[in-house]
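Top to bottom, those sequences are chains A and B.
Mapped onto the working numbering, the consecutive letters of the first sequence carry residue numbers 1 to 472.
Mapped onto the working numbering, the consecutive letters of the second sequence carry residue numbers 473 to 995.
Quick caveat, the hints were computed from the structure, so don't treat them as lab data.
Computed from a prediction, not measured in an experiment: that's the story for all the values here.
Hints are supplied without guarantee of correctness; some may be wrong.
What the hints assert, rightly or not - Straight-line Cα separation of at most 30 Å, BS3-like style, residue types lysine-lysine; simulated pairs:
1. K788/B x K705/B
2. K108/A x K793/B
3. K744/B x K754/B
4. K518/B x K869/B
5. K781/B x K734/B
6. K87/A x K108/A
7. K95/A x K807/B
8. K95/A x K696/B
9. K807/B x K734/B
10. K989/B x K87/A
11. K754/B x K696/B
12. K108/A x K807/B
13. K869/B x K95/A
14. K666/B x K705/B
15. K710/B x K807/B
16. K710/B x K821/B
17. K781/B x K821/B
18. K956/B x K871/B
19. K108/A x K869/B
20. K949/B x K869/B
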Amino acid sequence: MKKIFLHFSAIILFTSITWAQYGSIGSSDARSMSLGNTYNMISRGVYSIGINPSNLIISPDNSLEFNTVLPIPFLSLGTGTNFINLKNVNYYFGKVNDQPRILTENDKQNLNSLFANGGLVFINTSLNLLSVTYKADNNIGAFGFAMKDVLEGEFHFPHEVTNLLTDGNLINHTYNTNDAKVNAWWIREYSLSYARQLPDLGLKPIGKINVGISLKLVNGFFYLKNESINSYLQTTNDYRINLYANNQILGAFSNNFGFKYSNDTTESHGNGTPFPSPAGTGFGMDIGFNSTIFKVWNVSLALTDIGGIHWNENTTMITDTGSYTINDISQSNFLDTLKNKFNGEKIKTGSFSSGLPTALRLGVSYNLDINHNSWPGRFLFAFDYNQGLNNEPGNSLTPRFSVGAEWKPMDWIPFVRSGFSFGGLLGFHWGFGLGIETSFLEFNIGTLDLQSLLAPNSGKYFSVAIDSRWMF
Amino acid sequence: MNQIPERILYVTIISLFFFKLGCVNLPSDLVVPEWDTNFNLPIVNKTYTLNDIIRSQDYISTQAATNGDSLYLIQSGNYSISSNVGSFVQVTNPAYVRNVYINAGSANADTIYIPFPEGAQLDSASFISGNFALHVSNSSSANVNLNLMCPGLYSSNGSQFNVQRYISANQQDTAAYNLAGYNYMIPANQINNKGSLQVILNTTSSLPVSYISLDLYLSDFHFKSISGIIPPKSLGVKTESFNLDLGDAADFRNKVYLQNGKLYLNIDYLSKYSNPFGVEVKNLNIIGIGNADSLFLTDSTGNSNFNFKFVGSYQKLFTQKNSNINKFISFFPSKVLLSAEYIMNPDDKEGSASIDDSVNFNTYFSTTSYLSLKTSTIYDSTRISGFSQDDRDNIRKAKFVNLSVSADNGIPLTSYLQITLADSLHHRLFTVTNNSDGSDSLYIPGADVDQNGNVSSRTPSSIIVQLDSTEIIKFSKAHYAIIKVSVRTKSAYLNPPPVVYIRPTDNLILHINGQIKYRVDLN
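Next comes chain B alone, as it looks inside the complex (with noise of 0.2 Å):
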């Protein structure tokens, strides 16, 4: 009886729970919504110091400064430049002693003197060569023997310098002897005649009195070193050069005008012995030498020979006080000419010399940071990698693009940023700006300074630049910023120019932050 109305009553149950569920709205086809969405990112946060922009490299440095600060150092290399005083270690002038007469059948021993070439003054002295001559004439009728001992002269063996003649009656008798490898020592009795070789002649003969005649001479005496007095000597001119070779830092030339620049001149003269001969440098010149022209180093007067004596060594500091060094470094030379007489001994005083002597020239400059900058430019090509694929295709559905660029410049040099987008091949795809003049650098004004050329504060500046759809795409595209920071100081192009003064931890800090507004498609 029941089993109807229960059947019933289930069939609408179950189809009322089928109607209800035929009024759920099941979502058919499933699709991700689209929607806009801000993408903030940082694409580029760099600072550059100084470092960066003067390219530190080999030339250029920091030097520590009192106040714990430091100063940029713009600093040659140590360049050295020697001439050798080989020419002043001779004396080749003939010297001689003539007419002497002595009677060979006395049996006392004769002491002669024959003078040194030039007026040298010997206390020792080591051979190269040198040119021993005699001349003897019997005009007796005996034979005669000729004994003839140098008692300063010995040759390397210890042996003394002797010569042994026969001399035939009524004749004549030449010889000539090299010095070389002997060895002068001033003999003990002649020490208050240091300018003659002491000659001792000994004769025998068969007749009592038999006079020969002598004549003696000494030339071309070259020295392997010398101790006495060798009369003062001109070397002559010597003009010696050496390339600057400033790496990087020869970009600044014709940029910048330098300040507190040095010139260390050290002249050393070179030498085994502890009492060297004295030098005189005359008319010295330091010219620099430039693409097309040259610069004298003068002093404060507009003088540009330089002249000094020195005994040792001698230090000689171009400052811009006593030069026109600032100028001359400015000039960034590419390569320095010395050019001076050198007169050895000048003051004829006693001193030691050697054939291996040399007047050594040693030079190097610097200047601190304190410069004037017409205008100097750097490159600096950075990677955006951080953009995926799907980046990219979103940056390329981008609303609008807006890069925010901020520069906080901390260096007293006005800059002109350029930042040019490329592509992974470095092909140019454009330049960011919004200058309505159709320039496409950025200006960003320097740091204040006060009157002593130090920052008294930062300067900051931004801008921010739209994309239109074409630089969208291009940004999209984009692998490289490659960053131009030109810099100069203010009023750059006076003359003499204001300078400032920089330190390596003056920097510019350089935000490029972009807003990208696009359309976030999953499907």
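Extracted from the complex, chain A is given alone in its bound form (with noise of 0.2 Å):
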């Protein structure tokens, strides 16, 4: 339990995330964080893979864009939990004369109360090893090149496991952890995209179009999700403890990570490489769509990420199933037998397949500046609609609604940048942050949460996202 306990404690606490440009949920660069993950229309040059391929023939003719890690990384971090803020931290966790607080039952409560929504933690990090775009010009194209790694974790910490930390094992009463869930998986994609301006169809009011897409190939180094997670720890009148587990986990895993199986005897260990042997692999496509209507809307419609992924290496179902009730501690062999109950039975499974995190993207952007001249410097307002089609790593089927501005009143003011995301996995985020720019570097800073920087005790997210890119 001790263990459990400071495992949970140290996730809550420590869990570092840097948000993917993955799925409907995932964030990407500093601008769009900026913009409170409003990206759809307003993504250009690298920043357009992943999220609409064709937004990559906006950039200027002849125009050859990357980034990397100089000279600053495209690097995005953050931290946070649904259910706990650094005031929470500090007062439960932080020390009281020099000594450990003791809490007192209404501390019990209120640390209770925060779990009331469930204990979500989120492990989303991705690393651009290298994108490089090219645009020609409208007629022949523009090209595009990624290679990026992700890892992507959701866990949800059972509600009543804090309830029984806290107050103990009351009686006649049932401890359920249905609301537990695992979602997590490492993933390298390799994408080339090409877009380009299609022909006037003269469809007005809308302009000309540009269609993009983008073709991945993915490898996957792991992968875990529950089937299914119903166990609860049963109290009744007469103190007996009845435990129940129906859990089951499906996984896949690298040859490299010393994976076994339970019944396997053999010797085997992991070797720590960057690059793993895949445990599965799958293809993918982002197909994108972008122009204006009336002349001033920018409109932004991209389908990403369908496809799949089929797993075929270490294939598992981790199994704990089976009931037990503690009648008498007395009774003999009873640890043993309880351990042997719900030791996680790693069974092997046949191949199966995941989907991508396919993810519908529509996005809609002003440029205030060019309708009305009399605006001070360059003013964008841009809103999108990010919708996940499915519950894989990254994605989330609840809809996440974006709005976002950013404006450079004069050249020798930075960009300023601000916007909203509602809905999604983690529900409302301020953004805000800030662009420099030159003829040929950009810098961007970023915070999608505004709320945790200006009242930060309070902030249960603190992300941070900074990043240059290269453009001749």
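Take each chain as given, in its own frame, and dock them per the hints.
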């Protein structure tokens, strides 16, 4: 129990989140993050890959872009959960008179109430190894290549477990863990993108339509997803403790991870390598369009990550099933029986497929400065609707809406950006950021959680992103 | 121109950013808080049936009753003792005919009959041994040849018993023969005279008239088998005993008052023949021997001498109606002594017997579950295996420990429960009690019974014992709970005590639950 609690606490407190440009709820670059994760119609060049490949064509003719670790790496970091903020962390995990805090009954109630909506913990990490785009012209089109790693995980800590920890096993009570969830993978994606402008179809008020497509080769290194988690601990009036578990987690692991099935008695050792052999391979595709309406409204529509991964190495169903009643701790072999019954057996299973985090992306933007010459500087307003079409890592079936705006009043003033995001897995976020643009290099800094920056002790999420882009 | 304000702006923004970050109250030294929590756990959850209390073993079993229920049956082993009747199949006193005068010069054969010893009448017999003797006196002046033949006596090879004697003139002759190995079958012409041995004499002499005198003796007949009549014969008073091994049932000596006791006495005359002789048993005493005293089984009048005759077999059932068997069984004798005089063929009738015949006493007793129990105690040591070392550490830090002991008594026996916790080496730690009078047993009243002794309702009872700080530390070291249950029926010390009807399915359900409030310290 102690270990579980410590591990859980560590996850809560030290989880670092790098928002992935993946699925409906992932974020991307610093600019998009500043705009409340609004990116569908405003992403350009290397930032378009994975969002809407047709946006590649919007870059100037004969332009080359790339981003890499220099001068500033494409980095996006964050930490947080959906249940505890820094103030609470300080309160519960800070010292009192150099001693651990001793929780009162009210403290315990408040701690439990923090988990009322479940204990969600995110791990979304992506590393853009290399992104390159080149636009020749509207007729030849634009080309892009990207290689990135995505490590995503979503864990839901069951609410009732906190009650069990703080209040003990109350009599005549059932502690469900049905709200527990695990959904994680590590994949590496290689994508080739192409975009061009279609001939004018004369569909006024719609302007010329740009179309883009990305084809992806995806290697998966591990996959974990719960098929079912249905467990409970039930105490009865006569102090009996009923344990029931029917948990099944589907998984696949690279040969380099030293995975072993439960009935495998052979020695197996993993080896750390940045290029492990894949546990699954798949193909994906992004397709997108953009155009203008009434010449002033820019509209983007994309369907991303169509496809799937076929997992065929070390595929397993991690299974905990059974029931056990503790009638009497004097029962002989009681502990051994309990351990044997719920030991998470890793059973070999056949190959299986998972989807990519397919998402429908709709975006609208409006350039105020272009349409209203009197407006000082450059002003962009954008709206996004992102709808995940499955529950694969990085995706959410809950629709996410966002609005954002950026303004550069004068040349010597940087881009000032802000936006809001609603829905998705995490709900409301307020983004803010700045951008500096030179003739060949762009720097961006932003956060998706301005509220945490303004009142850091109350924020549950902390995020900051920086990146740079070379433009020629 | 614009570079100066631009730089100022950037510096200001970055400064504000870090200034704001400086306001973040980052925890420098995280520690897991501590809190009090309750841990409720079942420590002991046991159902003690009477099979547990009246330890089921070889001599205590259950017996189906007519109502589909079952009764306890305390049953002894099957004890068998036998008395050989070899002394019966022998007639040893001498029998004879004397001064039989025969004219040896006559050409005719003479037939004479010698009575069998002791008046026995034989249809057939097989001899182990026997004495046939003769004395011949030849008072004539001629020599005599005597040929003596017994038509009923045959050797094992089928040849008749035949004796040739030569007696010189004016001489005497004496001879004795052992009949060992001979068989006897009554001659066909002697069917109405079974009590004598037929002897045919042929003599020759040189003179036409020459008398001889004969004396013929029979004695010491030891038969291997016999058919016919052997006169009534007392085999004397014989005493046999057997040790009564009742196993743990003996624990109930002086504790229970049993009812429905039964003692089965089966006596069999064991013989290979279908027409055995009758047997009379005179003054049979059945005596229970205890540690320091003894008890006679008596009939309902108090008479301890039992007399009876039988042919073949005899059964006697001693019940509480015709004997003091309840008292006798409740005495739980360690040894039972049988003493009696056996009289064979008391009515002087025909029969068959062999040297291997015996009178076999077979006895066992039982009693069913109407009992009055004075005090019976069981001990049960149950291992508390569910505590990990972490749990024990937490218990040690417990603020309080409440042990809830509840019992649901479906046995019509008043129980006294004593729970002693012991460490891993079975060393006593402390006894769980909430009694202020210093006693350490928990009183659990027996189930209510109706006027017939049947359970009418179970009796629940419960107590809560709060452990003090010393006991909490000892509790953390507990590896075993030694449970002692003493039971007795109500008013068991009255004479006679009231009895209750108990069944093996009667049970005492015992729950011991612990509520531990302790400080969670994960640091």
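So, going through the hints one by one against the coordinates:
{"no.": "1", "hint": "K788/B x K705/B", "in the structure": "holds, 24 Å"}
{"no.": "2", "hint": "K108/A x K793/B", "in the structure": "violated, 74 Å"}
{"no.": "3", "hint": "K744/B x K754/B", "in the structure": "holds, 24 Å"}
{"no.": "4", "hint": "K518/B x K869/B", "in the structure": "holds, 28 Å"}
{"no.": "5", "hint": "K781/B x K734/B", "in the structure": "holds, 22 Å"}
{"no.": "6", "hint": "K87/A x K108/A", "in the structure": "holds, 16 Å"}
{"no.": "7", "hint": "K95/A x K807/B", "in the structure": "violated, 79 Å"}
{"no.": "8", "hint": "K95/A x K696/B", "in the structure": "violated, 107 Å"}
{"no.": "9", "hint": "K807/B x K734/B", "in the structure": "holds, 17 Å"}
{"no.": "10", "hint": "K989/B x K87/A", "in the structure": "holds, 29 Å"}
{"no.": "11", "hint": "K754/B x K696/B", "in the structure": "holds, 26 Å"}
{"no.": "12", "hint": "K108/A x K807/B", "in the structure": "violated, 71 Å"}
{"no.": "13", "hint": "K869/B x K95/A", "in the structure": "holds, 21 Å"}
{"no.": "14", "hint": "K666/B x K705/B", "in the structure": "holds, 19 Å"}
{"no.": "15", "hint": "K710/B x K807/B", "in the structure": "holds, 16 Å"}
{"no.": "16", "hint": "K710/B x K821/B", "in the structure": "holds, 23 Å"}
{"no.": "17", "hint": "K781/B x K821/B", "in the structure": "holds, 13 Å"}
{"no.": "18", "hint": "K956/B x K871/B", "in the structure": "holds, 28 Å"}
{"no.": "19", "hint": "K108/A x K869/B", "in the structure": "holds, 20 Å"}
{"no.": "20", "hint": "K949/B x K869/B", "in the structure": "holds, 12 Å"}
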